[in-house]
Amino acid sequence: MKTRGRLTCEETFRRLDRYLDRTLSERELREVEAHLEACVACASEYRFEKHIVEGVRTKLRRIESPPGLVERILGRLGEPTPSGDGGDDGAGGPATG
Amino acid sequence: MEPLEPRAEEDLSIQAAGLAADGRAATFEELFEQVAGGAYRLAVTLTRNRSEAEDLLQEAALSAYRSFASFARGTNFKAWLYRILINRHYYKHRQKGSRPATVELEDTPELYLYARRDQLGAATGEDPAASLMRKMTAEQVRRAVASLPPEYGAAVSLFFLEELPYEAVAGVLGCPVGTVRSRLHRGRRMLQKLLWQMALEAGLVGGPQAREATV
Numbered sequence: 380m381k382t383r384g385r386l387t388c389e390e391t392f393r394r395l396d397r398y399l400d401r402t403l404s405e406r407e408l409r410e411v412e413a414h415l416e417a418c419v420a421c422a423s424e425y426r427f428e429k430h431i432v433e434g435v436r437t438k439l440r441r442i443e444s445p446p447g448l449v450e451r452i453l454g455r456l457g458e459p460t461p462s463g464d465g466g467d468d469g470a471g472g473p474a475t476g
Numbered sequence: 014m015e016p017l018e019p020r021a022e023e024d025l026s027i028q029a030a031g032l033a034a035d036g037r038a039a040t041f042e043e044l045f046e047q048v049a050g051g052a053y054r055l056a057v058t059l060t061r062n063r064s065e066a067e068d069l070l071q072e073a074a075l076s077a078y079r080s081f082a083s084f085a086r087g088t089n090f091k092a093w094l095y096r097i098l099i100n101r102h103y104y105k106h107r108q109k110g111s112r113p114a115t116v117e118l119e120d121t122p123e124l125y126l127y128a129r130r131d132q133l134g135a136a137t138g139e140d141p142a143a144s145l146m147r148k149m150t151a152e153q154v155r156r157a158v159a160s161l162p163p164e165y166g167a168a169v170s171l172f173f174l175e176e177l178p179y180e181a182v183a184g185v186l187g188c189p190v191g192t193v194r195s196r197l198h199r200g201r202r203m204l205q206k207l208l209w210q211m212a213l214e215a216g217l218v219g220g221p222q223a224r225e226a227t228v
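For the protein sequence lines, the chains are B and G, in the order given. Using this note's numbering, the letters of the first sequence map in sequence onto residues 380 to 476. Using this note's numbering, the letters of the second sequence map in sequence onto residues 14 to 228.
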């Protein structure tokens, strides 16, 4: 693979997911951006992957709740449930995030 | 080079922290109403259809309602509910004993769709990925995500729907950040193959030549 700037194409590719997810350190971010500015092939891959990520996100966020969903669910909270329907839901502890 | 969009602000609403607008402790119903839409969207990306999604959300809501006394005010109600929902999904999946074609999906190479960009049917000058995403419906994309093995689907769904940082996804899933990163990376790779299969079935992409190349 050709070397453009400090990162090679392979090194840039290994960071591509984290670059898309904006989880790289500032230094790595600048290194990836420098490579993408200089390498047409890698920039093409990045743009493509970015469109896929954005497209999937946009489509999924269009999903709307059916009418009356909250009312139905809250209305059923007091109903008895079938016996033996267990399962560890992890409801016991505090959540992080 | 197009600048990256800024990450969405972390949800710091007082509702998410378990308080109502007037500072009193919010009721379960008030908190649930605030997050139900997002929880439903999460459920539909994990299940086969809308009916199953509503059932899953109903069961998660019931479990959360019964455990509400253990919910620590000041922590994130949405994350807490989401964890209950995902764990419920895992449990039901184990009960069914269904075993998706994980091995075949896990063999999906990197840049699966990029390697097939010439078969995506883009118009002259249109980005092939943008073309594919434009042609696919929300339901087709949902079905592709819902076809992922559960542990990958949960990470991918949380990431795409909520745009959470890895640490927040790890908090909801109850696993290390490294595990989240791995599941997201592999899950997104698998998702590309599923999107391709979905688009192929719908006649949106490819042809005889493409089918020969699909492995």
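There's no promise every hint is true.
Claimed, not checked - The calculated DSS-like cross-link candidates involving lysine-lysine, where the alpha carbons are at most 30 Å apart (straight line), are:
id, chain 1, residue 1, chain 2, residue 2
1, G, Lys109, B, Lys429
2, G, Lys206, G, Lys109
3, G, Lys148, B, Lys429
Hints are computed from structural coordinates only; laboratory data are not their basis. Every value quoted in this text rests on a predicted model; they were computed, and no experiment measured them.
Hint-by-hint comparison with the structure:
1. At roughly 35 Å between alpha-carbon atoms, G:Lys109 and B:Lys429 are farther apart than 30 Å, so this suggested pair is violated.
2. Simply put, G:Lys206 and G:Lys109 have alpha-carbon atoms about 24 Å apart, close enough for the 30 Å limit, and the pair holds.
3. Taking the CA atoms of G:Lys148 and B:Lys429, the gap is about 17 Å. The hint holds against a cut of 30 Å.
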